[in-house]
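Engineer: Keeping the supplied structure of chain A fixed, place chain B upon it in accordance with the hints.
Number of protein chains: 2
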Amino acid sequence: MLQNSDLKIHYDKLDTPFLFVNKPIFFNNLTRLRTEIEGLKCELRPHFKTLRALESTPYLLPKKSSPITVSTMKEAEALASAGYRDIIYAVGIAASKLPRVANLLSKGIEIKVILDSVEQANLLNDFSINNHCAISALIEIDCDGHRGGITPDDPTLVKIAQLLDRGAACFQGILTHAGESYQCFDQASLRAAAQNEVDAAVNAARHLRATDIICNIVSIGSTPTAHSYQNLDGITEVRAGVYGFFDLVMTGIGVCTTHDIAASVVTTVIGHNKERGSLFIDAGWMALSSDRGTASQPKDCGYGLLTDSAGKVLDNLQVTTVNQEHGIIEAVDGSNINFDNFPIGCRLHVLPNHACATASMHQHYHVFDIQTNTYDVWTRVQGW
Amino acid sequence: MLQNSDLKIHYDKLDTPFLFVNKPIFFNNLTRLRTEIEGLKCELRPHFKTLRALESTPYLLPKKSSPITVSTMKEAEALASAGYRDIIYAVGIAASKLPRVANLLSKGIEIKVILDSVEQANLLNDFSINNHCAISALIEIDCDGHRGGITPDDPTLVKIAQLLDRGAACFQGILTHAGESYQCFDQASLRAAAQNEVDAAVNAARHLRATDIICNIVSIGSTPTAHSYQNLDGITEVRAGVYGFFDLVMTGIGVCTTHDIAASVVTTVIGHNKERGSLFIDAGWMALSSDRGTASQPKDCGYGLLTDSAGKVLDNLQVTTVNQEHGIIEAVDGSNINFDNFPIGCRLHVLPNHACATASMHQHYHVFDIQTNTYDVWTRVQGW
Numbered sequence: 001m002l003q004n005s006d007l008k009i010h011y012d013k014l015d016t017p018f019l020f021v022n023k024p025i026f027f028n029n030l031t032r033l034r035t036e037i038e039g040l041k042c043e044l045r046p047h048f049k050t051l052r053a054l055e056s057t058p059y060l061l062p063k064k065s066s067p068i069t070v071s072t073m074k075e076a077e078a079l080a081s082a083g084y085r086d087i088i089y090a091v092g093i094a095a096s097k098l099p100r101v102a103n104l105l106s107k108g109i110e111i112k113v114i115l116d117s118v119e120q121a122n123l124l125n126d127f128s129i130n131n132h133c134a135i136s137a138l139i140e141i142d143c144d145g146h147r148g149g150i151t152p153d154d155p156t157l158v159k160i161a162q163l164l165d166r167g168a169a170c171f172q173g174i175l176t177h178a179g180e181s182y183q184c185f186d187q188a189s190l191r192a193a194a195q196n197e198v199d200a201a202v203n204a205a206r207h208l209r210a211t212d213i214i215c216n217i218v219s220i221g222s223t224p225t226a227h228s229y230q231n232l233d234g235i236t237e238v239r240a241g242v243y244g245f246f247d248l249v250m251t252g253i254g255v256c257t258t259h260d261i262a263a264s265v266v267t268t269v270i271g272h273n274k275e276r277g278s279l280f281i282d283a284g285w286m287a288l289s290s291d292r293g294t295a296s297q298p299k300d301c302g303y304g305l306l307t308d309s310a311g312k313v314l315d316n317l318q319v320t321t322v323n324q325e326h327g328i329i330e331a332v333d334g335s336n337i338n339f340d341n342f343p344i345g346c347r348l349h350v351l352p353n354h355a356c357a358t359a360s361m362h363q364h365y366h367v368f369d370i371q372t373n374t375y376d377v378w379t380r381v382q383g384w
Numbered sequence: 001m002l003q004n005s006d007l008k009i010h011y012d013k014l015d016t017p018f019l020f021v022n023k024p025i026f027f028n029n030l031t032r033l034r035t036e037i038e039g040l041k042c043e044l045r046p047h048f049k050t051l052r053a054l055e056s057t058p059y060l061l062p063k064k065s066s067p068i069t070v071s072t073m074k075e076a077e078a079l080a081s082a083g084y085r086d087i088i089y090a091v092g093i094a095a096s097k098l099p100r101v102a103n104l105l106s107k108g109i110e111i112k113v114i115l116d117s118v119e120q121a122n123l124l125n126d127f128s129i130n131n132h133c134a135i136s137a138l139i140e141i142d143c144d145g146h147r148g149g150i151t152p153d154d155p156t157l158v159k160i161a162q163l164l165d166r167g168a169a170c171f172q173g174i175l176t177h178a179g180e181s182y183q184c185f186d187q188a189s190l191r192a193a194a195q196n197e198v199d200a201a202v203n204a205a206r207h208l209r210a211t212d213i214i215c216n217i218v219s220i221g222s223t224p225t226a227h228s229y230q231n232l233d234g235i236t237e238v239r240a241g242v243y244g245f246f247d248l249v250m251t252g253i254g255v256c257t258t259h260d261i262a263a264s265v266v267t268t269v270i271g272h273n274k275e276r277g278s279l280f281i282d283a284g285w286m287a288l289s290s291d292r293g294t295a296s297q298p299k300d301c302g303y304g305l306l307t308d309s310a311g312k313v314l315d316n317l318q319v320t321t322v323n324q325e326h327g328i329i330e331a332v333d334g335s336n337i338n339f340d341n342f343p344i345g346c347r348l349h350v351l352p353n354h355a356c357a358t359a360s361m362h363q364h365y366h367v368f369d370i371q372t373n374t375y376d377v378w379t380r381v382q383g384w
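Chains A and B supply the protein sequences, listed in that same order.
The UniProt record's numbering numbers the first residue of the first sequence as 1 and each following residue consecutively.
The UniProt record's numbering numbers the first residue of the second sequence as 1 and each following residue consecutively.
Errors might be hidden in some of the hints.
Since the list gives no way to pick out one identical chain from another, each pair is judged satisfied if it fits inside one copy or across any two copies.
Derived pair list, reagent style BS3-like, types lysine-lysine, alpha-carbon separation capped at 25 Å [as the list claims (entries may be wrong)]:
1. K274 with K159
2. K107 with K13
3. K8 with K312
4. K74 with K13
5. K63 with K74
6. K8 with K74
7. K64 with K299
By construction, these hints were calculated from the structure, which means they are not laboratory data.
Excised from the complex, chain A in its bound form (with noise of 0.2 Å):
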């Protein structure tokens, strides 16, 4: 791919393993997912967990008003530095974390967080009272039994929200995500995750909206219902996260195929196991993550799918194992790998599991563009 391009030079100065995103093919898949979203007449927030890059937002965000999701509040602080104002937090608010909420508050941030317990409300209510400032927070509903969440018929919903409302807090809405949609792995399932989720946000906003309390914010999404959506009335935004990048896991649920995988990891061939007839790559867990998001999918992908330096995919071979600074490439039928096509030195792409974990275990992305023939190096916003 990078044959006979100035950007073959930047390529091959880099020491493997380094994560390789194919700009092109990232750009594609954020165009696809926000065409289809806004196409639905609906808003796209996208999640900041697995790009976690500020370099990144110009493609990922129209406009430093447009809407995002975070999962650390060292996101959101990242994010307000670089000009961006509309956030969600969406990991179960925790008392620790309101003062770095209320900070960005202070600075116009309109920062929300999600919560789930009377407890929490409890907390928000008093915190904004004793810190003078008004949190803003959606309730996390649960529309299909996978994680936290109030059930949409739960009378807790209602008391959770006027609790809220009559507080100093500040009630916003409702969210939630289908985290169960992960399990489907066709069409039909993927559709009927989507439209469950679609229906349970619908119902909790009515039985809000029926006790006079305003349901602003109607937030659903995953990546795999975000591509499944038939009809969005009702909900005011979609929330996404891997779908910049994709992944094994994604291609196992069948949003995209292992075309669309912007993200992998390149190595070197360190060796060949003449016993065996395997390869050694100096990629391990450190480089890929220890993530075998595949194991539980009709194709166990190993830790990672190969690819040549041109993208090709090379069907029947998989990494099977990793130590830290070094893995294992075996066939997947057992067979002897011809060792001439994979010479000691020659470079090979790692397609991950979990792009989210994969990514996780880099500072800085490599990002090819074939079609404008540029480099760039993104630097990820790493902790808490």
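Structural biologist: Showing chain B alone in chain A's frame:
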């Protein structure tokens, strides 16, 4: 533990999740092994791959001339910049790493690489000639069929050593690693693995010396075998890495107890799942890693066991599920957790499956010493 101490102020001020190091326990672990190995009249060459923090080196190594092992050139360069000189880069050498090796050699750093093939030997000789240097190399010996390396009786061993001896590179000796020892769960099998490791190395050295090849270094080691040697005659040094922190995998193997685990992830209880009688915590795989090293052990510890903030192990609790930024704690016996004992906002420590993996998810370690009443922050050397 930090109850009546100035340290509590630091502890309480830190946002969770964070990596907590109990320095007296850490120091104990280091002292224990060094005393054992030096008591057997041998040298200890710790592995830096677990800690990867320069602030740890004064505890790890008595002098700047003390020997150390690394898993990446990044670690080697960091140690060299801190004045350490005697380094083994213990992952099978690849061509792409050699310029960095040569760079350190030119600065007088005694860095040694490892290899197990004729191709690599030729590579080292050619590079040495072409770059006017003499790459020092050890041949990796396969002592237990676990990984790479040449078996002691394989004639290729002598062939490779002779190639190096007669070429521009510099043959320094042999190195082995008892990778299969991680499958040992009792003292007898650990001792057998340790003895086997010694025998393999001694045999390999003997074969070489029988052909008049000088074998200066005879290097063996893994944390399990390092704690199980009865005699080290013929061995010049022992390597081990995770023993500084220890972890649940090492506890399962039997070389330590949970009381010896010096590194843990501090997390906050952020929610109660009343239906399932489980706790939500703010530590997910981003804080813990996805490593499930105990999954194949007699006692599977899920994603980690728990202690209270005083360090007392909470039997019957495990982290059973992790998402990116939150985790779920459940009772091992399936009972409902008594929420009164774990109120929202309370802190727990997660003991890691695999300390090398968990530490790798953190940019900083928070090191508490209740004996000297000191608190330090160590910074991890990340990347490649």
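Engineer: Next step is simple, just say for each hint if it's right about the structure.
Structural biologist: Status of the hints after comparison with the structure:
{"no.": "1", "hint": "K274 with K159", "result": "between (67 Å within a copy, 17 Å between copies)"}
{"no.": "2", "hint": "K107 with K13", "result": "between (43 Å within a copy, 22 Å between copies)"}
{"no.": "3", "hint": "K8 with K312", "result": "within (17 Å within a copy, 55 Å between copies)"}
{"no.": "4", "hint": "K74 with K13", "result": "between (32 Å within a copy, 16 Å between copies)"}
{"no.": "5", "hint": "K63 with K74", "result": "within (21 Å within a copy, 38 Å between copies)"}
{"no.": "6", "hint": "K8 with K74", "result": "between (35 Å within a copy, 24 Å between copies)"}
{"no.": "7", "hint": "K64 with K299", "result": "neither (40 Å within a copy, 50 Å between copies)"}
This entry does not satisfy hint 7, going by the numbered hints stated previously; all others are met.
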